[in-house]
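Chemist: Chains as they are written, first to last, in full-length UniProt numbering: chain G, 1 to 529; chain P, 1 to 591.
I should point out that these hints are in silico values taken from the structure, not numbers from a laboratory.
What you are looking at is a predicted structure, and each value in this text was computed from that prediction instead of being measured.
Just so you know, not all the hints are guaranteed correct.
[Stated by the list, open to error] The list that follows gives simulated cross-link-like pairs (lysine-lysine, BS3-like), each with its CA atoms no further than 30 angstroms apart:
#1 P:K374 x P:K333
#2 G:K271 x P:K272
#3 P:K32 x G:K355
#4 P:K192 x G:K220
#5 G:K207 x P:K272
#6 P:K283 x G:K275
#7 P:K284 x G:K277
#8 G:K275 x P:K272
#9 G:K277 x P:K333
#10 G:K278 x G:K233
[Said to hold, decoys possible] Which residues of chain P face chain G? A few of them, derived with a C-beta cut under 10 angstroms, are:
#11 P79
#12 A80
#13 D86
#14 L115
#15 T118
#16 I121
#17 D128
#18 T135
#19 P250
#20 E256
#21 V261
#22 Y264
#23 Q296
#24 A432
Positions of the beta carbon are idealized from the N, C-alpha and C atoms, including for glycine.
Okay, here's what each chain looks like letter by letter:
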Amino acid sequence: MAIEKILKDDASEEKGERARMASFVGAIAITDLVKTTLGPKGMDKILQSTGRGHEVTVTNDGATILKSLHIDNPAAKVLIDISKVQDDEVGDGTTSVVVLAGELLREAEKLVAAKIHPVTIISVYNNVCLFYRLRMASECARNALLQRVVDNKENAGYAFILYYLPNVLGFDKEHFAQLAVDAVMRLKGSTNLEAIQIIKKPGGSLKDSFLDEGFILDKKIGLGQPKRIENAKILVANTAMDTDKVKIYGARVRVDSMSKVAEIEGAEKEKMREKVKKIMAHGINCFVNRQLIYNFPEELFADASILAIEHADFDGIERLALVTGGEIASTFDNPESVKLGHCKLIEEIMIGEDKLIHFSGVEMGQACTVVLRGASHHVLDEAERSLHDALCVLSQTVNDTRVLLGGGWPEMVMAKEVDELARKTPGKKSHAIEAFSRALVAIPTIIADNAGLDSADLVAQLRAEHHKEGCNAGIDVISGSVGDMAELGIAESFKVKQAVLLSAIEAAEMILRVDEIITCAPRKREDRM
Amino acid sequence: MAAVTAAQPRSSKTESYVDNKRKEDIRQANIKAARAVADAVRTSLGPKGMDKMISTANGEVIITNDGATILNKMEVLQPAAKMLVDLSKSQDSAAGDGTTTVVVIAGALLKQCLLLLTNGIHPTVISDSLHKASTKAVDVLTAMAVPLEISDRESLIKSASTSLNSKVVSQYSTLLAPLAVDSVLSVVDPAKPDMVDLRDIKIVKKLGGTVDDTELVKGLVFDKKASHAAGGPTRMENAKIAVIQFQISPPKTDIEQSIVVSDYTQMDRILKEERNYILGMIKKIKATGCNVLLIQKSILRDAVTDLSLHYLAKAKIMVIKDVEREDIEFITKTLNCLPIANIEHFRAEKLGHADLVEEVSLGDGKIVKVTGIKDMGRTTTVLIRGSNQLVIDEAERSLHDALCVVRCLVSKRFLIAGGGAPEIELSRQLGAWSKVLHGMEGYCVRSFAEALEVIPYTLAENAGLNRIAIVTELRNRHAQGEINAGINVRKGQITNILEENVVQPLLVSTSAITLATECVRMILKIDDIVNVRDSTMVSTAKYLLSSRILYGGFFLNFLLCLFVFFSKLCFLVNNETIHMQHAHLAIQALL
Numbered sequence: 001m002a003i004e005k006i007l008k009d010d011a012s013e014e015k016g017e018r019a020r021m022a023s024f025v026g027a028i029a030i031t032d033l034v035k036t037t038l039g040p041k042g043m044d045k046i047l048q049s050t051g052r053g054h055e056v057t058v059t060n061d062g063a064t065i066l067k068s069l070h071i072d073n074p075a076a077k078v079l080i081d082i083s084k085v086q087d088d089e090v091g092d093g094t095t096s097v098v099v100l101a102g103e104l105l106r107e108a109e110k111l112v113a114a115k116i117h118p119v120t121i122i123s124v125y126n127n128v129c130l131f132y133r134l135r136m137a138s139e140c141a142r143n144a145l146l147q148r149v150v151d152n153k154e155n156a157g158y159a160f161i162l163y164y165l166p167n168v169l170g171f172d173k174e175h176f177a178q179l180a181v182d183a184v185m186r187l188k189g190s191t192n193l194e195a196i197q198i199i200k201k202p203g204g205s206l207k208d209s210f211l212d213e214g215f216i217l218d219k220k221i222g223l224g225q226p227k228r229i230e231n232a233k234i235l236v237a238n239t240a241m242d243t244d245k246v247k248i249y250g251a252r253v254r255v256d257s258m259s260k261v262a263e264i265e266g267a268e269k270e271k272m273r274e275k276v277k278k279i280m281a282h283g284i285n286c287f288v289n290r291q292l293i294y295n296f297p298e299e300l301f302a303d304a305s306i307l308a309i310e311h312a313d314f315d316g317i318e319r320l321a322l323v324t325g326g327e328i329a330s331t332f333d334n335p336e337s338v339k340l341g342h343c344k345l346i347e348e349i350m351i352g353e354d355k356l357i358h359f360s361g362v363e364m365g366q367a368c369t370v371v372l373r374g375a376s377h378h379v380l381d382e383a384e385r386s387l388h389d390a391l392c393v394l395s396q397t398v399n400d401t402r403v404l405l406g407g408g409w410p411e412m413v414m415a416k417e418v419d420e421l422a423r424k425t426p427g428k429k430s431h432a433i434e435a436f437s438r439a440l441v442a443i444p445t446i447i448a449d450n451a452g453l454d455s456a457d458l459v460a461q462l463r464a465e466h467h468k469e470g471c472n473a474g475i476d477v478i479s480g481s482v483g484d485m486a487e488l489g490i491a492e493s494f495k496v497k498q499a500v501l502l503s504a505i506e507a508a509e510m511i512l513r514v515d516e517i518i519t520c521a522p523r524k525r526e527d528r529m
Numbered sequence: 001m002a003a004v005t006a007a008q009p010r011s012s013k014t015e016s017y018v019d020n021k022r023k024e025d026i027r028q029a030n031i032k033a034a035r036a037v038a039d040a041v042r043t044s045l046g047p048k049g050m051d052k053m054i055s056t057a058n059g060e061v062i063i064t065n066d067g068a069t070i071l072n073k074m075e076v077l078q079p080a081a082k083m084l085v086d087l088s089k090s091q092d093s094a095a096g097d098g099t100t101t102v103v104v105i106a107g108a109l110l111k112q113c114l115l116l117l118t119n120g121i122h123p124t125v126i127s128d129s130l131h132k133a134s135t136k137a138v139d140v141l142t143a144m145a146v147p148l149e150i151s152d153r154e155s156l157i158k159s160a161s162t163s164l165n166s167k168v169v170s171q172y173s174t175l176l177a178p179l180a181v182d183s184v185l186s187v188v189d190p191a192k193p194d195m196v197d198l199r200d201i202k203i204v205k206k207l208g209g210t211v212d213d214t215e216l217v218k219g220l221v222f223d224k225k226a227s228h229a230a231g232g233p234t235r236m237e238n239a240k241i242a243v244i245q246f247q248i249s250p251p252k253t254d255i256e257q258s259i260v261v262s263d264y265t266q267m268d269r270i271l272k273e274e275r276n277y278i279l280g281m282i283k284k285i286k287a288t289g290c291n292v293l294l295i296q297k298s299i300l301r302d303a304v305t306d307l308s309l310h311y312l313a314k315a316k317i318m319v320i321k322d323v324e325r326e327d328i329e330f331i332t333k334t335l336n337c338l339p340i341a342n343i344e345h346f347r348a349e350k351l352g353h354a355d356l357v358e359e360v361s362l363g364d365g366k367i368v369k370v371t372g373i374k375d376m377g378r379t380t381t382v383l384i385r386g387s388n389q390l391v392i393d394e395a396e397r398s399l400h401d402a403l404c405v406v407r408c409l410v411s412k413r414f415l416i417a418g419g420g421a422p423e424i425e426l427s428r429q430l431g432a433w434s435k436v437l438h439g440m441e442g443y444c445v446r447s448f449a450e451a452l453e454v455i456p457y458t459l460a461e462n463a464g465l466n467r468i469a470i471v472t473e474l475r476n477r478h479a480q481g482e483i484n485a486g487i488n489v490r491k492g493q494i495t496n497i498l499e500e501n502v503v504q505p506l507l508v509s510t511s512a513i514t515l516a517t518e519c520v521r522m523i524l525k526i527d528d529i530v531n532v533r534d535s536t537m538v539s540t541a542k543y544l545l546s547s548r549i550l551y552g553g554f555f556l557n558f559l560l561c562l563f564v565f566f567s568k569l570c571f572l573v574n575n576e577t578i579h580m581q582h583a584h585l586a587i588q589a590l591l
């Protein structure tokens, strides 16, 4: 019985078992791809662009890897999305979330094969998750208390960064952890990471990286202008400093003699001079413009010994306005209404071979700049990503000081609880609960595998340790054995962990519910190219 | 791709054997590729190293001995090999010299790593041990170093000549080494004695003569003629120099303009007005006593016209036109003057003064020299001569290395012996240290120590010596406590290399070791290569899409052409103040 074709040409439809299969395969493939980057001894990936130039990125950051993948599988796209969301929300745990979701799906697949309805699995996952969260929060309360007694707040953050910074930074971890903690402590509790500027300069080694209080702008000071200004009053602007043109199409001047042209040219110059005068009327000694400053106004500024910086990028001026407490101005008629930025000292400094402009003693005391140095662009980019993760987590932790122990400790504690729950639950549900606990255990397993350790043995040992009450055991990848996480000072943020768990379960749930995939026909390209 | 490998999902990880075969393959492929790159430059190491001839895609030929240049032109594609290219670049920016050394060391380290990997040591363990070893190595090197006074010109020259001796232009090292030292010392600012900005040293290349004719000019050199139109002066004593950024040509407004001519009498009048206008400007210039004009290049309108040149010649003003915008800073710094952007601001106090500005014929062209500048800024110009372009280019690269060496010494005032002495000493000390370490660490550090011997090996090999005999003797001498024994390539034997005046800055050695280690560690950690989409293509596509929405598909092609054209234009004239923005604006205006 031939049914008329419902879908367009090239569109396809996959149903039931096949659809589920496709999503499982896609999700698990993604998981396997990023799995090896998990943990302090995770490996890096080379991302090679297929476009012109074949640019190369070396990274360990889950979000970065996933973001740049070619993916056609819808389920895989869901995982990539959750990793992105994780990145935006808490900034770290981007790999963990994908791995956990993948492991949950891997287990779910077996359950489905054993004739357990996906909806049952989902409801169990959800229930367990709820249970897990409550337990984790209470564990946390216990732990945070413990943590606070042992260390003060700052040290907790420090130890915890040590664990988190990916291994590219290697032995310079301590240095970087200190950098990150100092930077976040300057923020005084705000999570506005914009005030922390990261500048990358190739050359030197990672150890030469430093934290600088103040703001650094990678631009040049105009010719003949002072290179050093104390008690600077800064006007940050976004305005055209060539000529104010009539921007209507077809506007033109019609004259009948050369002298008139000269007059108009003179008038244009005069307008510019007016504008510069207005700008100077603000009583400033530093002018930063996002657009170019042409030779003529540059000279006027030089004559008035005003430091003028042209062509600062968008990001640069927004941040500069933020940290110096000024506003970005584009009209200059009312000097009183424009808020100027202030700083104690502006001077030219040299980092490596380049000259940069340094603003110190800025209005917003929280602001600081981290200057990263490193052998190559790859090292620098990766260091920036790691530092960014660390900063995100730290700033979150400063607000929510609850921390969990690291090294697979929370997973093991929960797995134990979940296992007990499974034993108490009658019926098919208990299978799903057990599956959940297996998925949790997969995380310490992967961490151990990545460190080249015998995961089967270690995880078994860990499980045995955890059978005792109030145990702090976790995997110590440095020595390759089971160790006391509280003693080693390895901790992770509760907020990150919670976000990982919630998003992973949500994603798994979403993928499990799918029983049909419809692929639409690709939009045709017009042949105009 | 990934989907295929995972087509049969494995059962739970806890129960299965992990197949890491693919990862090993990728790591090995990476290491092999990187080593291939290192091998390519290995033969150019040392004073008797050979040169490479590179013929680039556009038919240009380069002969060089400089590691960074060779690698740069090789256009490698393999990602790990690319990292080695970057490595030599960063050595270039950090120390300026030792660009070959750093790559050779990295290659040797990778070779040892491959061995360690096949012995089943985990890459992170290797990586951590390498890091430890390199920190220790830096300590050892620092302990070996000899402090230096900046006033000690002899020592500075010695180290500059060590660098130059390994180059194509080595026979001129007696000339170039003192030149490099003098030029760096002349730009050191007494207020900031540790900082040297090499941009304050301008290198001008001019074909003709030989490298022997290379000279240090206390003043400015322009690689262009003075304007000869209408017989303007080409030599000016007691020059008053103005750097101008405006144009001496008929006026032009930023708004589009048109002059309406209705009858022929008006034409005469307009021509006359034009003449008067220019004459007026030149009178103002003359009134300040200025007699040399440096005019910035302009693309929006003619910087000078024949007419204005004529008047300038009449006014006995020497003109040098088409000065690049980025050179203005250097020029004003040297002349101790201010650029002038408007005729109204043309005042005597903005002028620079020099005893002599003259046009000199050199080889096939002419240059303009400015000497005897009053209150000259801390800058220096080096004029390089050579019989062909290849020699000149190589001389420039070699001189750059020599300048960097001197700069290193100014910022970090320590010298270390050359000739493989530091490497063999490191190898010995680290070897001893590895014996007190435990476990894998000791094993890896020993490999690191062995890898460092590659430098003396290569030095001996390139000099045509028996490398095994030489290196074993060297090791022996070091074991007896002669830490400065090194390979004397000229004599073909082991001597105290400090006495032979073969010295190099400490910074070059330390940064070579730390950078090479950092790079090797990075390569070790990589276990997969993932192909990703190109971000620039995405942005282009987005741009096209948005423009399609804006203007409809019909304009698409037209728009693209325009965009490409404008971006090319911007590329050509990027020293001018035209910017991409304008290109966009122009497109919009046209539509």
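Chemist: List in ascending order the numbers of the hints, as given earlier, that are violated by the structure.
Modeler: Of the numbered hints given earlier, those the structure breaks are 3, 5, 8, 14, 15, 22 and 24, listed in rising order.
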